[in-house]
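In the order they appear, the protein sequences are chains A and B. Position one of the first sequence corresponds to residue 1 (this note's numbering), numbered consecutively onward. Position one of the second sequence corresponds to residue 1 (this note's numbering), numbered consecutively onward.
Rather than coming from a laboratory, the hints here were simulated on the basis of the structure. There could be a bad hint or two in this list.
Coverage of chain B stretches by chain A, computed from C-beta distances (three or more under 8 Å per stretch; other residues unrestricted) [as the list claims (entries may be wrong)]:
| id | region |
| --- | --- |
| 1 | 77-85 |
| 2 | 235-245 |
| 3 | 400-409 |
List time: in silico DSBU-like cross-link candidates among lysine-lysine, alpha-carbon distance up to 35 Å [said to hold, decoys possible]:
| id | chain 1 | residue 1 | chain 2 | residue 2 |
| --- | --- | --- | --- | --- |
| 4 | B | K74 | A | K177 |
| 5 | A | K267 | B | K291 |
| 6 | B | K300 | A | K45 |
| 7 | B | K103 | A | K25 |
| 8 | A | K196 | B | K352 |
| 9 | B | K229 | A | K13 |
| 10 | A | K177 | B | K229 |
| 11 | A | K86 | B | K229 |
| 12 | B | K58 | A | K13 |
| 13 | B | K229 | A | K319 |
| 14 | A | K177 | B | K78 |
| 15 | A | K45 | A | K381 |
| 16 | B | K58 | A | K196 |
| 17 | B | K229 | A | K45 |
| 18 | B | K78 | A | K45 |
| 19 | A | K45 | B | K337 |
| 20 | A | K267 | B | K78 |
| 21 | A | K196 | B | K103 |
| 22 | A | K32 | B | K229 |
For each label pair, taking beta carbons as the anchor points, the in silico distance ranges come out as [what the hints assert, rightly or not]:
| id | chain 1 | residue 1 | chain 2 | residue 2 | range |
| --- | --- | --- | --- | --- | --- |
| 23 | A | Q9 | B | P233 | 27 to 33 Å |
| 24 | B | A342 | A | A328 | 43 to 49 Å |
| 25 | B | E116 | A | H66 | 41 to 47 Å |
| 26 | A | P300 | B | P48 | 54 to 60 Å |
| 27 | A | K172 | B | E116 | 19 to 25 Å |
| 28 | A | E183 | B | H224 | 31 to 37 Å |
| 29 | A | K177 | B | P409 | 45 to 51 Å |
| 30 | A | A40 | B | P233 | 30 to 36 Å |
| 31 | B | H99 | A | D104 | 41 to 47 Å |
| 32 | A | K177 | B | A342 | 34 to 40 Å |
| 33 | B | D134 | A | K172 | 38 to 44 Å |
| 34 | A | Q9 | B | E255 | 57 to 63 Å |
| 35 | A | A379 | B | H99 | 40 to 46 Å |
Source: prediction; values computed, not measured. Ideal Cβ placement from N, Cα and C applies to all residues, glycine included.
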Amino acid sequence: MPFGNTHNQLKLKYTADQEYPDLSKHNNHMSKVLTPVMYAHLRDKQTPSGFTLDDVIQTGVDNPGHPFIMTVGCVAGDEETYEVFKELLDPVIQDRHGGYKPTDKHKTDLNPDHLKGGDDLDPNYVLSSRVRTGRSIRGFCLPPHCSRGERRAIETLSNDALRSLSGDLKGKYYALKDMTDEEQQQLIDDHFLFDKPVSPLLLASGMGRDWPDGRGIWHNDNKTFLVWVNEEDHLRVISMQKGGNMKEVFNRFCTGLTKIETLFKQKGHSFMWNEHLGYVLTCPSNLGTGLRGGVHVKLPNLSKHDKFGEVLKRLRLQKRGTGGVDTAAVGGVFDISNADRLGFSEVELVQMVVDGVKLLVDMEKRLEKGQSIDGLMPAQK
Amino acid sequence: MASTFSRILSSKRSVGILSLIGAGSITTALFLNKEYVDAGSIVRRRYPASAEYPDLRKHNNCMASHLTPAIYGKLCGKSTPNGYTLDEAIQTGVDNPGHPFIKTVGMVAGDEESYEVFAELLDPVIKERHNGYDPQTMIHPTDLDASKIRSGQFDERYVLSSRVRTGRSIRGLSLPPACTRAERREVERVVVDALNGLQGELKGQYYSLTQMTDREQQQLIDDHFLFDKPVSPLLTCAGMARDWPDARGIWHNNEKTFLVWINEEDHTRVISMEKGGNMKRVFERFCMGLKEVERLIMEKGWEFMWNEKLGYILTCPSNLGTGLRAGVHVKLPRLSKDVRLAKILDNLRLQKRGTGGVDTAAVGSTFDISNLDRLGKSEVELVQTVVDGVNYLIECEKRLERGQDIRVPPPLTQFWEK
């Protein structure tokens with residue numbers, strides 16, 4: 001519910017040209033697509049819950065972007081946003097997701113048995129493995145738009161579902177606003193605690209409102225399965241552990257997600273999903289699988305090689321620093337994960353990570369011995 | 001276009017549910033409806049007010065002190081004719097619990113009508129912030145006759161600079177938390193048009209933030225005129241930074257003694273300033289400039305937001321009335337170390353800030369000293385208060401220099417005691 005935009009009627013007193021944002025210095029997907037004609041066409045529309053075009057684009061108007069990094073520049077306020085504002089979002093999705101067309105279908109595959117290998121990444125190089133995704137609860141508005149009542153309802157529902165998990169998934173919920181100092185310190189030490197968003201990309205879209213009301217963290221007793229409630233999405237689900245057994249991480253991920261989905265269904269709720277966009281999340285960049293599977297891996301030699309970027313590109317992988325997106329690598333340790341989200345299934349993406357990281361480690365070993373990696377160069381996936 | 005719009009509006013859905021939590025830990029199961037009213041206002045997913053009431057238990061701002069569940073329940077379904085809602089007005093106070101020592105206001109107005117539609121909350125907030133001023137029963141005096149100021153020339157061995165600022169809003173256009181891009185651009189157009197009509201010592205030039213050259217920008221930085229995109233969460237949470245820097249700009253006269261900010265925290269912030277201690281001249285220019293600008297916008301059929309209960313209407317309730325902060329940068333090396341300074345300032349109805357403005361610390365022993373009050377006293381009264389108070393502080397400093405003792409003055413009368 002970005003400020004002042006709920007009164008869309010007021011804007012209609014002015015012409016579309018008078019209201020059209022100045023995007024002349026902008027470099028994000030929204031600014032490349034939103035022409036004055038498109039703006040005029042979409043500006044009087046609203047989703048059933050009242051989310052408007054200006055609500056969708058506010059973050060992209062307020063954050064012109066970086067000349068080298070292309071941000072998305074728009075968000076969804078509810079599931080219907082992707083339908084009501086298709087004219088804008090289809091081309092944005094196409095640009096962001098490698099040419100994904102409005103007629104394309106997305107495959108969902110959360111069967112961990114389909115993953116080949118992945119249990120033998122060399123732990124001398126692969127320090128930790130992690131898979132994350134997001135889920136939205138159908139019928140509720142998304143973080144940019146939800147009211148306090150909706151957000152609290154999502155928290156309650158999520159808590160109810162997670163409380164029913166058992167076995168190695170059994171765990172506990174920590175509401176951000178009720179946390180004791182001790183609990184907070186423990187969560188910080190475990191690197192689990194998420195902080196109030198400071199990124200202007202998130203704040204400008206209204207996702208920081210009412211913080212920390214309705215927000216919390218759930219994790220299992222083993223600290224290998226973690227759920228964030230009401231941060232950037234309704235739910236962010238994370239499976240992680242030290243070492244290189246990605247297969248185990250992915251097993252737990254799929255099992256946990258499937259269980260959670262079942263528990264929600266028992267209470268009459270489903271996740272937002274359709275066969276064109278897969279799982280529906282707040283940011284168009286996370287559509288499809290919403291999956292980022294990755295490792296922290298030591299590649300001090302390979303990372304200095306001039307073909308490093310090209311290798312990653314061909315493997316459809318991306319690198320980040322170990323602090324996450326926008327951080328730099330420390331000590332030759334990189335976060336390597338899949339670059340894609342939509343148009344590939346979960347199994348396919350994790351397979352790419354598993355196969356790709358195996359190759360990267362082999363290359364690193366070669367370079368350590370002073371050997372060339374030319375013979376190992378992969379084809380473009 | 002129109003038919004798609006009304007089709008979306010006319011479909012009704014009801015959704016079963018849901019468990020909700022209020023501010024406490026009680027969970028209730030309730031039915032939930034998505035309702036649609038007529039095309040004028042969409043009513044979204046509706047929870048009872050108790051489920052929407054913000055958790056203010058850790059909050060310390062004026063809004064949190066006065067927003068009871070009952071008042072929330074009464075006002076949460078209302079909106080101003082422009083569509084501004086209570087939740088929007090209080091968002092900044094919900095998101096910024098406040099500081100244990102500083103009590104912020106915690107809410108803003110999105111338009112002139114906010115002060116009417118949400119009076120049940122705003123009146124007690126105004127009363128608390130402005131020393132008991134009651135908008136329902138009291139009248140605010142406006143007086144911009146600078147000739148009434150007495151002894152307005154300070155000793156320049158102590159006073160380094162003098163400044164008076166206020167804000168003005170253009171009636172009929174929404175305020176910065178709520179304005180659309182077109183409205184904001186209209187504010188810019190109307191005000192710049194008027195400023196371009198100023199003559200003589202007020203004649204000047206406008207620098208739009210979107211079109212400024214690098215050289216112009218550097219000059220404005222060097223003059224300490226350039227304002228930056230707001231970073232204070234108090235402002236950003238209220239939506240005042242949207243679409244930055246669209247329709248924002250700075251106008252100043254050639255002498256750089258009269259300056260107007262456009263579309264920063266208010267439609268306009270008007271500043272008169274100069275080096276040295278001639279507060280009377282600063283205030284004269286201030287009044288003349290304001291009156292000229294008002295005359296020029298009225299020629300085109302516009303006017304400032306003003307009424308006799310609240311004076312000049314601005315975004316933040318703390319700036320109602322005169323919106324006036326008159327102050328000096330003054331050197332008080334001995335007095336600054338005296339433990340009685342806080343009490344002296346308090347009794348003189350003055351406040352001290354660092355020379356970087358609000359929230360900065362004093363550098364050396366140079367302070368920014370200005371009036372505490374905004375509403376319930378006229379511009380002339382407030383500037384006279386600053387003149388008298390600063391003269392008293394300088395007297396204290398001189399006495400301390402000579403090894404003499406100083407006295408804490410008796411407190412000034414409040415407006416309702418006159």
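Here is how each hint holds up against the structure:
| no. | hint | result |
| --- | --- | --- |
| 1 | 77-85 | holds (count 5) |
| 2 | 235-245 | holds (count 8) |
| 3 | 400-409 | violated (count 0) |
| 4 | B:K74 <-> A:K177 | 26 Å, holds |
| 5 | A:K267 <-> B:K291 | 65 Å, violated |
| 6 | B:K300 <-> A:K45 | 34 Å, holds |
| 7 | B:K103 <-> A:K25 | 39 Å, violated |
| 8 | A:K196 <-> B:K352 | 32 Å, holds |
| 9 | B:K229 <-> A:K13 | 28 Å, holds |
| 10 | A:K177 <-> B:K229 | 30 Å, holds |
| 11 | A:K86 <-> B:K229 | 32 Å, holds |
| 12 | B:K58 <-> A:K13 | 41 Å, violated |
| 13 | B:K229 <-> A:K319 | 32 Å, holds |
| 14 | A:K177 <-> B:K78 | 29 Å, holds |
| 15 | A:K45 <-> A:K381 | 40 Å, violated |
| 16 | B:K58 <-> A:K196 | 16 Å, holds |
| 17 | B:K229 <-> A:K45 | 30 Å, holds |
| 18 | B:K78 <-> A:K45 | 22 Å, holds |
| 19 | A:K45 <-> B:K337 | 62 Å, violated |
| 20 | A:K267 <-> B:K78 | 33 Å, holds |
| 21 | A:K196 <-> B:K103 | 22 Å, holds |
| 22 | A:K32 <-> B:K229 | 24 Å, holds |
| 23 | A:Q9 <-> B:P233: 27 to 33 Å | 29 Å, holds |
| 24 | B:A342 <-> A:A328: 43 to 49 Å | 47 Å, holds |
| 25 | B:E116 <-> A:H66: 41 to 47 Å | 44 Å, holds |
| 26 | A:P300 <-> B:P48: 54 to 60 Å | 59 Å, holds |
| 27 | A:K172 <-> B:E116: 19 to 25 Å | 48 Å, violated |
| 28 | A:E183 <-> B:H224: 31 to 37 Å | 46 Å, violated |
| 29 | A:K177 <-> B:P409: 45 to 51 Å | 46 Å, holds |
| 30 | A:A40 <-> B:P233: 30 to 36 Å | 34 Å, holds |
| 31 | B:H99 <-> A:D104: 41 to 47 Å | 52 Å, violated |
| 32 | A:K177 <-> B:A342: 34 to 40 Å | 35 Å, holds |
| 33 | B:D134 <-> A:K172: 38 to 44 Å | 51 Å, violated |
| 34 | A:Q9 <-> B:E255: 57 to 63 Å | 45 Å, violated |
| 35 | A:A379 <-> B:H99: 40 to 46 Å | 59 Å, violated |
Checked against the numbered hints given earlier, the structure breaks hints 3, 5, 7, 12, 15, 19, 27, 28, 31, 33, 34, 35 and satisfies all the rest.
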